[in-house]
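**Q** Sequence:
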Amino acid sequence: MTSLNSFSHLTLEDRRIILTGITNGSTKTAIAETIGKDKSTVCKEIKSHRKLTYRCSMPLECSNYKKCPFGRECKTDCILYSPFHCKRRDRSPGACNGCTNWRHCRFNKYKYSPEDAWNDYRYTLVDSRQGVNLTVKQAKDIADVIAPLLKQGLSPYQILASHPELGISEKTLYNYIEGDVFHEIAGISVLDLRRQVSRKISKKKSNGFKKRADNKHLIWRNYNDYKQYIDDNPNALITQMDTVYNNETTGPFIQTFKFIPSGILFALYQTEKTSTAMKNGVDTLENILGNDVFRKYVNVLLTDRGSEFYAAKDMETGIDGTTRTRVFYCDPMQSGQKGSIENNHIQLRYILPKQTNLVSLGLTDQDALNLVLSHLNSAPVEKFGGKSPLEVASFMYHDLYERLISYGIKEIEKDRIVLKPYLLKNR
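Using the UniProt record's numbering, the letters of the sequence shown correspond one by one to residues 1 to 427.
Incorrect hints may have been included.
[What the hints assert, rightly or not] With a straight-line Cα cutoff of 30 Å, these simulated DSS-like cross-link-like pairs (lysine-lysine) come out: (1) K39 with K87; (2) K354 with K296; (3) K387 with K410; (4) K171 with K37; (5) K87 with K216; (6) K420 with K387; (7) K111 with K75; (8) K296 with K51; (9) K44 with K67; (10) K227 with K383; (11) K273 with K51; (12) K140 with K151; (13) K67 with K137; (14) K216 with K227; (15) K227 with K296; (16) K111 with K216; (17) K39 with K67; (18) K75 with K354.
[Unchecked claim] What follows is a list of derived Cβ distance ranges for each label pair: (19) K313 with H163: 30 to 38 Å; (20) E73 with Q337: 47 to 55 Å; (21) Q337 with K313: 16 to 24 Å; (22) R103 with R416: 30 to 38 Å; (23) Y229 with N119: 34 to 42 Å; (24) L154 with T271: 52 to 60 Å; (25) P59 with P380: 18 to 26 Å; (26) Q228 with Y157: 53 to 61 Å; (27) Q337 with R103: 41 to 49 Å.
If you're looking for bench data, these hints aren't it; they were derived computationally from the structure. Backbone N, C-alpha and C fix where the C-beta goes; we use that ideal spot for every residue, glycine too.
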């Protein structure tokens, strides 16, 4: 079997050398020359696999924070705001391992781990190929059997006739080989097929593959796992999470959180609908509530399978590096499994209707969104006997109530509640 080192992909040893280079403050060019790779390969590797291990506690990373006279409540329109840039973190080498200022730095910190990067690579090696219904281990097991037999001149049919335990058809094996599924694992390519020249390859061969039923982030996090977890932990408090937007290209995007016990809908204003933005949104929620209150009310995060919520492990991990919550996903096309937050979205659309420009409507920042949330959460709810979610929280969940009020959510007098789009026009 051919070694992985014969190919252009990074090995675990390459990644360990990259870590040494980062720790020593070497440039990406120098690291690339050391492992015999292109600089762009090293750049992509570090950027893709470095992990945020400490998040800046300020709303924005401002280089003037030490002299801030405004209580470090950073805003982009502040006259003293100066975006913080770190040459080591943001340029070369691209991560904070080995930084001499680590203990004193108050800005976002990223660390690169070769083992974590290697594990991610090994998992996505096969899984990233569209429609391939194999894990890396399964592909490795198949490759171990077929590689020497292909070298001996046997055809896929002859191999499968002698090894029915592989459990795949002749056509599937041809598709895997022609799709380079085993190339990085064992060096197997179409050139190893005895009659490759006479076999017509479909131009849409990838569409013939069976789609994977689950992805990495869904393992132990699907809806059945969620129900089992709730059965085992009946006192767990659930928060549902989603996104609301009108324009998928330009946004803005509203990351919504529904605290089920109190009925409160909270939301964060986002300019991107990415997994990083949503993970940062969970970090922001933890900052707003504080560690103890967050872990008290967000025992479970239930969301849908939108691509923006793929970073399950990162959302589950707190700013201090410990597990802060459990993330679970609804079944595909089953938004009713988180029906509570969906019902709140109907109310949200009274103020922010579909097919409108939300920015032109007045939704330009978090303050505007807080106003919308204040009116929504002040409206009477029938199941609470005419009390509003904020009234219920004030009485039964006062620590949560206080944190949200401190952040800018306000109780609105009943006769002053507005659930129409003109609410933001008149603020």
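**Q** Given the range 41 to 49 Å, decide if the beta-carbon distance of Q337 to R103 lies inside it.
**A** Given range 41 to 49 Å: holds, Cβ gap about 45 Å.
**Q** Could you grab the alpha-carbon distance between K87 and K216 and see if it respects the 30 Å cut-off?
**A** violated (33 Å)
**Q** CB of L154 to CB of T271, is that within 52 to 60 Å?
**A** holds (56 Å)
**Q** Starting from K420, check that the Cα of K387 is at most 30 Å away, please.
**A** holds (21 Å)
**Q** Does the structure keep K227 and K383 at a Cα separation of 30 Å or less?
**A** Holds: K227 and K383 sit about 24 Å apart, inside 30 Å.
**Q** Within 30 Å, alpha carbon to alpha carbon, are K67 and K137?
**A** Roughly 54 Å separates the two Cα atoms, so the pair is violated.
**Q** Quick one: are Q337 and K313 within 16 to 24 Å, going by C-beta?
**A** holds (22 Å)
**Q** Decide if the proposed pair is consistent with the structure: K111 and K216, CA atoms, cutoff 30 Å inclusive.
**A** holds (22 Å)
**Q** Is 53 to 61 Å respected by the C-beta to C-beta distance linking Q228 and Y157?
**A** Violated, since Q228 and Y157 (Cβ atoms, about 43 Å apart) do not stay within the stated range.
**Q** Does the alpha-carbon distance linking K39 and K87 stay inside the 30 Å limit?
**A** Holds, at roughly 17 Å.
**Q** Is 18 to 26 Å a correct range for the gap between the Cβ atoms of P59 and P380?
**A** violated (33 Å)
**Q** Holds or violated: are the alpha carbons of K354 and K296 at most 30 Å from each other?
**A** Violated - the C-alpha atoms of K296 and K354 are around 34 Å apart, more than 30 Å.
Violated hints for the displayed structure, listed by number in ascending order: 2, 4, 5, 9, 13, 17, 20, 22, 23, 25 and 26.
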